[in-house]
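Asks: Sequence:
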Amino acid sequence: MWVSPSILVPLFSFHSHHYGKFAPNVEVTGNILLNGKKENLNSRDVSFVAQEELYLGTLTVKETLTFSANMRLPSKMTKEEINKVVEETIMEMGLENCADTRIGNWHCRGISNGEKKRLSIGLEILTQPHILLLDEPTTGLDSASAFYVIQSLCHIAHNGKIVICSIHQPSSEIFDLFHDLLLLSSGETVYFGEAKKALKFFADAGFPCPTRRNPSDHFLMCINLDFDSITEVLERTQLCLTSSQSTMGMRKSEIRSTLIESYKSSNLMFNTRRKIQQLKLNEEQGIKRYIGSTTTWRKQLCTLTKRSFLNMTRDIGYYWLRIIFYIMIAISIGTLFFHIGTGNNSILARAKCVSFIYGFMIVLSCGGLPSFIEELKVFYGERSKGHYGEAVFVVSNIISSFPFLVLTSLSSGTIIYFMVQFHPGLTNCAFFCINLFCCLSVVECCIMVVASLVPNVLMGIGTGTGVIIFMMMPSQIFRSLPELPKFFWRYPMSYLSFAAWAVQGQYKNDMEGVEFDPLLPGDAKVSGEKVLSLILGVPLNHNKWWDLTALATILLVHRLVLYLVLRFVKRAKSHSLWFCAKKSLHFGKTCLLNNKSSISSRKLAQPPLSSQEGLMSPNLAM
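Residue numbers (my numbering): 115 to 736.
Some hints could be false.
[What the hints assert, rightly or not] Mimicking DSSO-like on lysine-lysine, the simulated pairs with C-alpha atoms at most 27 Å apart in a straight line are:
1) 389 - 310
2) 176 - 198
3) 466 - 600
4) 466 - 198
5) 311 - 420
6) 275 - 230
7) 491 - 230
8) 176 - 378
9) 644 - 466
10) 176 - 193
11) 389 - 176
12) 413 - 190
[What the hints assert, rightly or not] Cβ pair distances, simulated, as ranges:
13) 446 - 201: 19 to 29 Å
14) 253 - 223: 14 to 24 Å
15) 517 - 390: 50 to 60 Å
16) 206 - 390: 29 to 39 Å
17) 438 - 205: 36 to 46 Å
18) 223 - 571: 17 to 27 Å
These are computed hints drawn from the structure, not numbers from a lab. Computed from a predicted model, the values in this text were never measured in an experiment. C-beta atoms are modelled at their ideal positions from N, C-alpha and C, and glycine is treated no differently.
Sequences and hints are given; from them, build the entire structure.
Replies: Here it is in structure tokens:
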């Protein structure tokens, strides 16, 4: 509901990791009222700041805000207008001193946790939402950083926004900044009203806050039921200390029930219901919505491509380290098969050289998986908030990674080709580099699919390596095509394997038109075509360009698979989690029914409400 600018602090945890996105099996009921009118919320109405925000650590604070603004603000806004919004956001969140500092990652030290949290808030207020939701904004921060984060939220609230955040055990200084307070326990309202009146409410209910105790700590101690069962177990096993006996003889569940009943019969609840009814009858029109064009797909693509390319350029672990390793391996292969020649013994040496090239180059692509996972985490967070879709992400990744894959293929491919002295000719050299480029692109796409399915890097490296080796097995690297078992490995795996088409195409590119020395002196030279068909088992019913076309087709199919996985895998996971949760609930109900009769009905002692160096609540005195 649309109320005056205020900070409402509900002590609860958001079930979802991002606002407004629920699993398909979740049934949402109820009405959303803004100014007493039913409204459908969108990303411009409400923004959500998750507890753990993910960024591209290679970007600066200003760059992060600028890229986000370009992807989300209307396309009709000029560059100067967008830059003005970014500068105002930096000023509002107090990020002027670190605006040009990188956020930081594993190889680059960046901004502090408090500055990261303020950056998270700044990203969400770029679009000037009416309501700002935050999930525990002070988690992981020291007291000073937490205070300045909440102070920034107060400033946002005074500027006409509604700020709602969940928070656990705020300090006394932070608690004094709150305007309104909502206390929830097991889904029931314990208190909802002005924060400064909460102490009086607890005192009137018979549970005053002891002197020198943080009010929020006292509230949580009164309504937290997590330790009732533990105390019960300790008493059943006679391990509960006698010093924990409460002079009040009340369990936390009893205290909670007393507080809930006190709230239901208080004027606070009556006044709250009256305000809600007044809002429902309010004749004022709904909120004033921003009317303007949304960001176009083309602008989102350009912005995301530029950001991704900048991240790849600055992150040495994304491509640069692998390019160095590719060049080192290329030099090693070149020296191992240096000037391989056309002697009779060079036939198998050429085949081994091609196998080594594609075997090592393909497996080395797994080194980019950690960077892929980090980029996908950022994508999931931004997609959940409606910043852009899967198609934009996939296409931007293709464009931004293209120069690095070309550089990798040209540098390593050229070194190998001229050191080994494969089939001479510019066309043959170009084919080898293009073939290597397509092969590496397919592997990169496979690794990205794996990265989108696994929860961490270790599982990703193991799974990715296994998938790549599995796809390499039906190629010419291990056994020739005629020797493969027809069931499964030859049909259909040899046609689905990108490595099979890549190795087969390079065999033809290198040996067609080349004549090798005979095994016995005086015999006729052996043609490359005969070597391909009789020794290597390579079919000659189509040329090498058909192999390259098939490899390029597999690349497009893998890109399509990546798009489908990014689009639908989350929905499949939601159904799986729902099924597991349903089984867990059934199991829990069964255990509860079996154990209910064994639980003692006697009243169990509880720790006293006050345990701070003997400080006791006034109502505990005998």
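Asks: Quick check: which numbered hints come out false for this structure?
Replies: Hints 4, 5, 8, 11, 13 not satisfied by this model.
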